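Engineer: Sequence:
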Amino acid sequence: MYLLVLLLSTLLLYPLSEGPQTPTLIVVPSGGQVYAEETVILVCELPGQLGLNWQFYWHKDRQDTGAVKWALGSAQGVAAYTLQRASGKHTGQYWCRAGKGQPVFYTQYSQAVSVNVTEIFTAVTLLASPSTVIKEGAAFNLTCEALLTKQSHVLSDPDQNVTTMVVTFTFMRNGWPVLTNSVSGLYSVAHANTCHTGTYRCVARSGKAKRTSHDVTITLDTLSLTLVAIFGTILILFVGPVAFILRKSILIWRAAVPH
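Numbering (mature numbering (1 follows the signal peptide of the UniProt record, and there is no 0)), first residue to last: -19 to -1, 1 to 240.
If you are wondering where the hints come from, they were derived from the structure by calculation, not from laboratory data.
Just so we're clear, the structure is a prediction, and the values are computed from it rather than from any experiment.
Just so it is clear, CB atoms sit at the ideal spot from N, CA and C, and this is done for glycine as well.
A couple of the hints might just be wrong.
Claimed, not checked - Between beta-carbon pairs, the in silico distance windows are:
no., residue 1, residue 2, range
1, 163, 103, 18 to 24 Å
2, 36, 65, 18 to 24 Å
3, 65, 116, 38 to 44 Å
4, 28, 65, 26 to 32 Å
5, 44, 164, 46 to 52 Å
6, 117, 73, 50 to 56 Å
Stated by the list, open to error - Pairs of lysine to any residue residues, derived as SDA-like cross-links and limited to a Cα-Cα distance of at most 25 Å, are as follows:
no., residue 1, residue 2
7, 189, 9
8, 189, 126
9, 131, 85
10, 189, 73
11, 189, 96
12, 189, 19
Go ahead and model the full structure; you've got the sequences and the hints to work with.
Structural biologist: This is how it looks when you write it as structure tokens:
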């Protein structure tokens, strides 16, 4: 009975004239050659299969392992897997296939496509000195440092046809650039105030390659400001009455002294 249901379901999904179809997998950008932190899109398309009931599955490096991603297909029988901020772990071969029904009947696997992510930077760090907590009016520096991979020393920039690498740095505060195309990797503030507080990060770039640092949060030393305000208030509260008493005492003494 189960085999009969299975056969009928298969015939409904795949007429004898067609059989299980093979989806097409397209990688964008074409060729799958990207730098780290760029975006890669793997588009899986099932020609001639319209409807919203198809689910699409993407496999990496091996077909006999679990899917790394699944998504519901569009009415046109298309779905996409987006690799945001690609890194070395995304390098490899990919296949896709589609499934439908219960139990699930799968199509054939698509052809394989390759994704190759080139890592130029092994790490990008952002350092604050003298500290991340700054007194108002004091100076502070942010230094961005980039460590290059061994491979990057022999890579050439295909756009410029050169082998010399130039690394520039962009400093961001709360998501907005405060310094761009810095070669020194140094961002300096001479007199800090509230407008300099916030979350900083830096982006190292060389040609199309880039890598972003971790976040560093700069705050003002509000405790010192509070203590100064409290001390000032205490001085006012203490010195005021004492000065008044001294003044009254002097007036009384002058009145008591015979002229």
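Engineer: Confirm or reject each hint.
Structural biologist: Hint-by-hint comparison with the structure:
| no. | hint | result |
| --- | --- | --- |
| 1 | 163 with 103: 18 to 24 Å | 20 Å, holds |
| 2 | 36 with 65: 18 to 24 Å | 21 Å, holds |
| 3 | 65 with 116: 38 to 44 Å | 39 Å, holds |
| 4 | 28 with 65: 26 to 32 Å | 27 Å, holds |
| 5 | 44 with 164: 46 to 52 Å | 47 Å, holds |
| 6 | 117 with 73: 50 to 56 Å | 51 Å, holds |
| 7 | 189 with 9 | 16 Å, holds |
| 8 | 189 with 126 | 18 Å, holds |
| 9 | 131 with 85 | 47 Å, violated |
| 10 | 189 with 73 | 21 Å, holds |
| 11 | 189 with 96 | 17 Å, holds |
| 12 | 189 with 19 | 9 Å, holds |
Consistency with the previously given hints fails for number 9 only.
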